[in-house]
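With the sequences and hints as input, model every part of the structure.
Protein sequences, first through last, are from chains A and B. In this text, residue positions in the first sequence follow the working numbering: the first is 1, and each later residue adds one. In this text, residue positions in the second sequence follow the working numbering: the first is 1, and each later residue adds one.
No lab work stands behind these hints, which were simulated from the structure alone. Treat the hints loosely; a few may be bogus.
[Said to hold, decoys possible] Pair ranges (Cβ atoms, derived):
(1) B/Arg128 x A/Phe245: 44 to 50 angstroms
(2) A/Tyr55 x B/Gly38: 30 to 36 angstroms
(3) B/Thr29 x A/Leu147: 34 to 40 angstroms
(4) A/Ile276 x B/Leu41: 25 to 31 angstroms
(5) A/Val237 x B/Ala149: 29 to 35 angstroms
(6) B/Val168 x A/Thr184: 36 to 42 angstroms
(7) A/Leu90 x B/Ile50: 29 to 35 angstroms
(8) B/Ile122 x A/Lys141: 51 to 57 angstroms
(9) A/Leu261 x B/Glu105: 38 to 44 angstroms
(10) A/Ile276 x B/Phe175: 31 to 37 angstroms
(11) B/Thr29 x A/Lys308: 46 to 52 angstroms
(12) A/Gly154 x B/Ile122: 55 to 61 angstroms
(13) A/Ile276 x B/Phe86: 34 to 40 angstroms
(14) B/Gly162 x A/Ile12: 36 to 42 angstroms
[Unchecked claim] In silico PhoX-like pairs for lysine-lysine, Cα to Cα no more than 20 angstroms straight-line:
(15) A/Lys191 x B/Lys161
(16) B/Lys161 x B/Lys148
(17) B/Lys177 x B/Lys151
(18) A/Lys191 x B/Lys165
Ideal placement from N, C-alpha and C gives every residue a C-beta, glycine not left out.
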Amino acid sequence: MRDGATRMLWKIGSLFRFEPFRCETWEAVVLRLVFAWLAFSLIPTTATTMPGTPYPHGLALFMDLGFLRDAGTVQWLSATATIALVLGALGIAEPLTLGWTLFVVVASKSYNQSQGVIGHAGQLLTLCLLAQWMASVWALKKSAAGLRGLLWGGADSWRRQVWWITQTIAASYTVAACTKLISTDFTWPFKGANFLVQILKAHEENRASYLGEPGAFATWTVQTLTDHPALGTGMLVPAFMLEFFAFLALLNRRLSLAFGLGLLAFHKMTDALMAIDFGAHQDLLWLFFINPVHWFGTAIMVAIARHKADA
Amino acid sequence: MSSAYPNGQAPAPGKSAPAKSGLMNLRTTFVLIGNTAGFFLVMAVLMLSIGDQFPFSHFPMYATLPESTFCIRVTDADGKLMPVQFAFGVQSSILKKQMVRELKEQKDKGRMKLVSAPPPDIARECGRRVLEWMLDHRPAFDPALVGKAVKLEQVTYTARKGAVKEKVDVLAEGFVKHSKPAP
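Take a look at the structure:
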């Protein structure tokens, strides 16, 4: 009996065992290529129509971004940032190429955010691009190859980029949970009764923007929360726990998968309830937390190894 | 901040150092976590301390969950809802954020105490500015709308004693100034 309980505890404990991050070169290559495809969506394609930056934000605090109003300049920036992103994805001169793409993206997004309204949809994706660039610069410090290291970071740098991006995603969720606690004097998870007004507001915003109507699930949830307001806390607590403990996903691949699926379900639920999809966040969770590339690749490698052993 | 390993890669299973036990093992684990996940801490501290300055953010969306919240909508002169994304290319949530910013500015000037409970005259003043912003910067997609009257309404939802109350206030009225075909 005691042996059984000990074995069970050991099994549960092993779920949380810290396993230092390992990433095969092929995995790092695929993840970086797909990530570049995601980051491509951040590059501006047209000049801004807004006349200025009345509420300077981000990079606009430090420099005049008026050049983003000129169509010719933006075309040139867009083309060079795209070429730089492709070169960076191929591993060529990453500190320079990724740095240029990052500058163009941060400049254009800063301009948009300087109109007095802050949106958060593309923020995490840009933070991940920043993390990737920082990892590529960090590789210079680690490299003994001098100029060659600047031009070609190599597999070690790529693995570090993947790991730093993963850590950035985890940090964003934990920080979001900390902000909730700080803003509400640690009472956020227990404000379930107020959750209903947020859902109703989101439905009305959707109607006011697109004449959108809530789906069956959203309507049912509103009715259920109207009848039983305390159930709101039952919805908020698991969501909060997933966000706050997102850093546990860094312990090992199994927890990364579990948190990836949990957070993805959280986003899907938010989308179904309030029409807020945060598509870029979902893409990043798929790529770096759930990471089918790793699981499929590992399964194929194990199958090949078994086949060879049998032969 | 760097990896615990010289090349950023952990050793393959079976090639790692011999396992230690007890406190040493725990200490090694903490050092490994600190060394390999240090970037997590760096980013978390940066996000929390810098706050909302692109690309950093402390992600304050739905961080307060107050008893009361509101949304902004636009109607025609007869009170018929105009879907702002289809009519002007702007989302209702953007108009709300503009409204909150206007209210915060009034609070910073000392004209009111709570953004969530502005005096009606200040709410109408802020609403007028939000409508002006929309009509100036977001031309209507349909040329037939130019010259037509529009109203900016605030719909407030308040949770009290297990029930939600809805209240609608007209904040401002104006006329569509110009049009531009939808992209």
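*Between isoleucine 276 of chain A and leucine 41 of chain B, does the beta-carbon spacing fit 25 to 31 angstroms?*
holds (29 angstroms)
*asked:* Taking the Cβ atom of glycine 154 of chain A and the Cβ atom of isoleucine 122 of chain B, is their distance within the range 55 to 61 angstroms?
replied: holds (60 angstroms)
*Is lysine 191 of chain A within 20 angstroms of lysine 165 of chain B, Cα to Cα?*
Roughly 17 angstroms between the alpha carbons, so the hint for lysine 191 of chain A and lysine 165 of chain B holds.
*asked:* Range first: 29 to 35 angstroms. Now tell me if the beta carbons of valine 237 of chain A and alanine 149 of chain B are that far apart.
replied: For alanine 149 of chain B against valine 237 of chain A, whose Cβ atoms are near 47 angstroms apart, the range 29 to 35 angstroms is violated.
*Are the Cα atoms of lysine 161 of chain B and lysine 148 of chain B separated by 20 angstroms or less?*
violated (42 angstroms)
*Would you say the C-beta atoms of glycine 162 of chain B and isoleucine 12 of chain A sit inside 36 to 42 angstroms of each other?*
Since glycine 162 of chain B and isoleucine 12 of chain A have Cβ atoms about 39 angstroms apart, the given range 36 to 42 angstroms holds.
*Taking the beta carbons of leucine 261 of chain A and glutamate 105 of chain B, is their distance inside 38 to 44 angstroms?*
For glutamate 105 of chain B against leucine 261 of chain A, whose Cβ atoms are near 43 angstroms apart, the range 38 to 44 angstroms holds.
*Whether the CB-CB distance between isoleucine 122 of chain B and lysine 141 of chain A falls inside 51 to 57 angstroms*: This hint holds: roughly 54 angstroms between Cβ atoms.
*Hint check for phenylalanine 86 of chain B and isoleucine 276 of chain A - Cβ pair distance inside 34 to 40 angstroms*: For phenylalanine 86 of chain B against isoleucine 276 of chain A, whose Cβ atoms are near 19 angstroms apart, the range 34 to 40 angstroms is violated.
*Is it true that the CA of lysine 191 of chain A sits at most 20 angstroms from the CA of lysine 161 of chain B?*
holds (13 angstroms)
*leucine 90 of chain A and isoleucine 50 of chain B, beta-carbon distance inside 29 to 35 angstroms?*
holds (32 angstroms)
_Assuming the hint says 44 to 50 angstroms, is it satisfied by the Cβ distance from arginine 128 of chain B to phenylalanine 245 of chain A or not?_
Because 46 angstroms falls inside the window, the suggested range holds.
In summary, the structure is inconsistent with hints 5, 6, 11, 13, 16 from the numbered list given earlier, while agreeing with the others.
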